[in-house]
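*Asks:* Just so you know, the protein sequences line up as chains A and B, in that order. Add 596 to a position in the first sequence, counting from 1, and you land on the number used in the working numbering. Add 596 to a position in the second sequence, counting from 1, and you land on the number used in the working numbering.
Please note that the accuracy of each hint is not assured.
If several chains are the same, the list does not tell them apart, and a pair holds so long as it fits within one copy or across any two.
Unchecked claim - Straight-line Cα separation of at most 30 Å, DSS-like style, residue types lysine-lysine; simulated pairs: (1) LYS625 / LYS994; (2) LYS686 / LYS891; (3) LYS625 / LYS968; (4) LYS806 / LYS891; (5) LYS651 / LYS685; (6) LYS888 / LYS975; (7) LYS685 / LYS975; (8) LYS975 / LYS651; (9) LYS688 / LYS975.
Quick caveat, the hints were computed from the structure, so don't treat them as lab data.
Number of protein chains: 2
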Amino acid sequence: MTSPLEPKTFPHLPTLKGVHIKTAQAGIKYCDRTDLLIISFDKAAEIAGIFTQSKCPSAPVEHCRNILSHGRARALIVNSGNANAFTGKKGKLAVEQTLKAAADQLNIAENEIYLASTGVIGEPLNATRIIDALPNMINDTVENTWLEAAQAIMTTDTFPKIITQSVDFGGDKITINGIAKGAGMIAPNMATMLSFIVTDAPISSQILQKILSEKVSTTFNSITVDSDTSTSDTLLLCATGQTEKTLKPLNDIKDPRYVPFAEAIENILHNLSLQVVGDGEGARHLIEVQVKNAKSKNDARCIAFSIANSPLVKTAIAGEDANWGRVVMAVGKAGVEADRDRLSIWFGDYRVAVNGERDNDYNEVVVSDYMKKDHIVIKVDIDLGQESATVWTCDLTKDYVEINGDYRS
Amino acid sequence: MTSPLEPKTFPHLPTLKGVHIKTAQAGIKYCDRTDLLIISFDKAAEIAGIFTQSKCPSAPVEHCRNILSHGRARALIVNSGNANAFTGKKGKLAVEQTLKAAADQLNIAENEIYLASTGVIGEPLNATRIIDALPNMINDTVENTWLEAAQAIMTTDTFPKIITQSVDFGGDKITINGIAKGAGMIAPNMATMLSFIVTDAPISSQILQKILSEKVSTTFNSITVDSDTSTSDTLLLCATGQTEKTLKPLNDIKDPRYVPFAEAIENILHNLSLQVVGDGEGARHLIEVQVKNAKSKNDARCIAFSIANSPLVKTAIAGEDANWGRVVMAVGKAGVEADRDRLSIWFGDYRVAVNGERDNDYNEVVVSDYMKKDHIVIKVDIDLGQESATVWTCDLTKDYVEINGDYRS
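Please model the entire structure based on the sequences and the hints provided.
*Replies:* In structure tokens:
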């Protein structure tokens, strides 16, 4: 069943010069659907990346981390169905075999090839499936769309996640296209989340990395589906510099084009991360948790995640129940400074609790009506300082249990 | 529906001299069931206690903490249906009113009366319901049983939790009776867990506190249902000293009676905490997570709780799926030292992964059969040190979501 939070329409993503998209049915796990994606660049693109914080990362993540300092990419190869994680020597071998075959056939260097895998962990990945599919994909003259790219990397996602934005880049127009996949194991840092963003603007890898590192904290690192962190999270940002008219490279943060471009990337990351949460496994409601006036930024984030990861808060929202008592519980268990008698809590615009007790104006009928909305905002004022944080999550429904109780079968 | 993990039989708890148990239907929230319990002592009992670590504790918890240094108790008054938590000044007033009425009627001091409340949070508790029920309870000459006491404090529990043990106390027999309630919001430290343990042995409050503080860490503070921590957790241990024959008080840890008594308390706490987990909301499987050979005790505990709190691990167990990939994921997200390529994982006696990949001898049919058992043991060898930890949890089922999605309605 498709998430009720699926966007009403999908944007059309323009083609980017010198960027080739190919998808295929490699039969890695799924039947009757694409599960392999290659995005290749005619000329080496500048690249930046951020990866899972898991202490047990997948073999592809280790490869990407190893080559990132090189800063150039000619191809991204992504498969769904198998994460090639916790596969030991076999996993490393599958990475090596894939790299060798792709480097030979695309005639590029192995350290210009980025790999990402998503799906079941612990099962050996049969690299032959990928290698056998490469020749047809590379030789096929028909290009696939960005939408098809997003579809090929889905696992338990119920809809593809895509976005595009054009940016005024010092008087010239540049384009940014992005895709993502998410679903379960979405938590900071990064989650079972894959996202690939490509712009035709000319931007150095150092600048790309700076922007990505800064903007990820309030976007992809501020979402959680189930507090579980994947072994495979990969976020890559590529800049081809292949605009119609040749533009001067951006490699200085004082360049006036820096801020609008960085803001556009933030917007792309924000939008994709909300699509990921909105398609959290079994999600029926998007939950935005705003924590205000905490003593420190870290306290604010800690409380916000404590609320967003609380199974009792998430099941209450699934039940469309304005159970602010559970919000208090989650504030209390966060373990950082909070004073019960100074707390105020809102659902949407409705203040339900103030100074440690139920708001006298609390109207259960009105608030219950609000709880039926797709997007629920929980605001908590800690009243101990001036720092804030916002995180996003989804509700915890029976469908989450259903999906994850027989994901492998 | 009763948990399939309910004990097959309930033990008979002997009456303890000078201890009076009274239960009543006070109509605090529930109809047609008891919701109020008084345990009173003819002579002041020695008492020790441990309470929730929540930064937003309930009004009764604050009261108990305030009087604990006094170390003597004449009565415990416990209600279910309303936790009197996050109820601000009204909550404090309800505590004061209850204390005053009980002190007057029982003719004892307010600092000898311990209160505990469990149920919905954020709703004002109507103390009148309790106060009005007191006279009949106090004057009733019919005593209730320990089983009835355990029943009166249940919320979403599906079975009452009771245990008794007799101990050789330097050649004399003493008895320890314990009751508990749990269900949701069970996580360290303490959870929405109430437990009251009474012995007829003569033991000083200092000794009781020492034993309780030590033994709680491997018992009630090593269980988790949903990682949520309640505002109301209360564990009290009382010693009346009212044995048939007058015994010499135990007030020195070098007393040879200390160790067997402390071990008996540990056993009581262990047994009750497993009953609590086995009755976790919607639980169908008890999960024991053993982490071996971690670098430090703290690392071992951190990894064990990361596994035990992972929704993806817990839904896999609900689906009777030996999905050890998710166990690896949970090890990785714990954030403490772990080396993927040194990890080994067992389900029961079956090693499923070794040195970072699937065990060659892994037999899915045999392991799948094991996963049908009530009690699942997940063992993880980190192979980086010598420290261990064990925690217990239950699986995450659709019933958990059902129960918590409409708990208030």
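*Asks:* Each hint should be assessed against the structure and marked as holding or not.
*Replies:* Hints versus structure:
For a Cα distance limit of 30 Å, the shortest separation of LYS625 from LYS994 qualifies both inside one copy, at 25 Å, and across copies, at 27 Å. Proximity of LYS686 to LYS891 under the C-alpha cut-off of 30 Å is restricted to the inter-copy arrangement: shortest distance 27 Å between copies versus 48 Å within a copy. For the identical chains of this complex, LYS625 and LYS968 are inter-copy neighbours only, at 26 Å across copies versus 37 Å inside a copy, given an alpha-carbon limit of 30 Å. Proximity of LYS806 and LYS891 under a CA criterion of 30 Å is satisfied intra-copy only: 27 Å inside one chain copy versus 35 Å between copies.
Taking the closest pair of Cα atoms, LYS651 and LYS685 come within 30 Å of each other only inside a single copy of the chain (17 Å); across copies the shortest separation is 46 Å, beyond that limit. Proximity of LYS888 and LYS975 under a CA criterion of 30 Å is satisfied intra-copy only: 8 Å inside one chain copy versus 41 Å between copies. With identical chains, the CA atoms of LYS685 and LYS975 are at most 30 Å apart between copies only, with a shortest distance of 22 Å across copies and 48 Å within one. For a Cα distance limit of 30 Å, the shortest separation of LYS975 from LYS651 across copies, 18 Å, qualifies, whereas the shortest one inside one copy, 33 Å, does not.
Within a single copy, LYS688 and LYS975 get their C-alpha atoms only as close as 45 Å, which misses the 30 Å cut-off; across copies the closest is 26 Å, which meets it.
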